[in-house]
Amino acid sequence: MIGSYFRLLIMAAFFSFSCSSKPQQPKLVITLVVDQFRPDLLTRFDDLYTGGFRWLIDHGIWFTNTHHEHSYTATGPGHFAIGSGQYPGPVGVIGNSFYDRDLKKKVNCVEDPTAKVVGADKGEARSYSRYNTTGLGDWVKATYPKSKVISLGGKDRTAVFLGGKNPDLALYFNYAGSFISSDYYVDSLPDWTDEFNASINAESYKDSLWTKSLSDDVYLKYAREDFYHGELDDYLTEEYSPVFPIGIDPKEDPKEFLMARPWFEREILKLAQSAITNEKLGQDK
-9 MIGSYFRLLI MAAFFSFSCS SKPQQPKLVI TLVVDQFRPD LLTRFDDLYT GGFRWLIDHG
51 IWFTNTHHEH SYTATGPGHF AIGSGQYPGP VGVIGNSFYD RDLKKKVNCV EDPTAKVVGA
111 DKGEARSYSR YNTTGLGDWV KATYPKSKVI SLGGKDRTAV FLGGKNPDLA LYFNYAGSFI
171 SSDYYVDSLP DWTDEFNASI NAESYKDSLW TKSLSDDVYL KYAREDFYHG ELDDYLTEEY
231 SPVFPIGIDP KEDPKEFLMA RPWFEREILK LAQSAITNEK LGQDK
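Position 227, counted from 1, in the sequence shown is what the numbering used here calls 217; the numbers after and before it change by one each time, with no gaps.
These aren't lab readings, by the way, just hints derived from the structure by calculation.
Quick caveat, the model's predicted, so the values are computed rather than measured.
Mixed in with the good hints, there may be bad ones.
Unchecked claim - In silico lysine-lysine, BS3-like type, Cα no more than 25 Å apart, as pairs:
#1 Lys196 to Lys155
#2 Lys211 to Lys196
#3 Lys17 to Lys136
#4 Lys260 to Lys196
#5 Lys155 to Lys17
#6 Lys202 to Lys270
#7 Lys270 to Lys155
#8 Lys196 to Lys241
#9 Lys260 to Lys17
#10 Lys94 to Lys106
#11 Lys95 to Lys112
#12 Lys112 to Lys245
#13 Lys270 to Lys241
#14 Lys270 to Lys136
#15 Lys136 to Lys112
#16 Lys202 to Lys155
#17 Lys270 to Lys260
#18 Lys96 to Lys136
#19 Lys106 to Lys245
#20 Lys106 to Lys95
#21 Lys260 to Lys112
#22 Lys241 to Lys202
Full structure from sequences and hints, please.
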């Protein structure tokens, strides 16, 4: 799905939600959010899941009657609700963007005109400064002061809202080939982040194709035909087609389209692995 992206909040802490009499307290806790992944997809495609999804379904705890009790389920409000456990509206997160009466203009929900971009020349500075509240990451750090909280996301609002008000680091993609932050969080990016950004080779994906992983009859059994009447194709060029296999228009910059392709998830997971390794998350004695 083009609209599905991984978001990660990584916390090195000492707490657990175990039901055993002597719970083992994990030193590393990961919050993983898949944007637009509705819960019914778990049942609809249950017999197709393998690997990590299959393991989570078979061995994890599955809450089948859990809901966001707010009507506007955009990325900003949804990730704020997950990251803070609060209704987004009363706090001020009423959408991905909204009209600011003081500034007299439409603003991004994590826009911060006082902050500066850290990590690249391109991109926008974002932060939690608009909201006078805290989130899960802040509560962990308040309870365990030596804990580290690092939030990673493709979209700025996902990294900001999952991390809470004062994480150690929040990184988001600038649509120009780099993960960046703002001076609200850090004065400069850690060396490992700069090294990771240097390793991103968006050009290497330029000739890649997003292909089907199963046979055509499986897709026809569980879904409708690939190109359905009424679908809107945003890429109105002869080189691009919304029908699988899907590639990148050779005239376009692959860095701008990377986040709309499944290969971006690979970069997010590699970034998370780099954060865990270099920040020594979960390695406290």
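Going down the list of hints, with the structure as the test:
no.: 1; hint: Lys196 to Lys155; verdict: violated (37 Å)
no.: 2; hint: Lys211 to Lys196; verdict: violated (31 Å)
no.: 3; hint: Lys17 to Lys136; verdict: holds (11 Å)
no.: 4; hint: Lys260 to Lys196; verdict: holds (19 Å)
no.: 5; hint: Lys155 to Lys17; verdict: holds (22 Å)
no.: 6; hint: Lys202 to Lys270; verdict: violated (37 Å)
no.: 7; hint: Lys270 to Lys155; verdict: holds (22 Å)
no.: 8; hint: Lys196 to Lys241; verdict: holds (10 Å)
no.: 9; hint: Lys260 to Lys17; verdict: holds (20 Å)
no.: 10; hint: Lys94 to Lys106; verdict: holds (21 Å)
no.: 11; hint: Lys95 to Lys112; verdict: holds (22 Å)
no.: 12; hint: Lys112 to Lys245; verdict: holds (12 Å)
no.: 13; hint: Lys270 to Lys241; verdict: violated (41 Å)
no.: 14; hint: Lys270 to Lys136; verdict: holds (12 Å)
no.: 15; hint: Lys136 to Lys112; verdict: violated (33 Å)
no.: 16; hint: Lys202 to Lys155; verdict: violated (40 Å)
no.: 17; hint: Lys270 to Lys260; verdict: holds (15 Å)
no.: 18; hint: Lys96 to Lys136; verdict: violated (39 Å)
no.: 19; hint: Lys106 to Lys245; verdict: holds (22 Å)
no.: 20; hint: Lys106 to Lys95; verdict: holds (20 Å)
no.: 21; hint: Lys260 to Lys112; verdict: holds (22 Å)
no.: 22; hint: Lys241 to Lys202; verdict: holds (24 Å)
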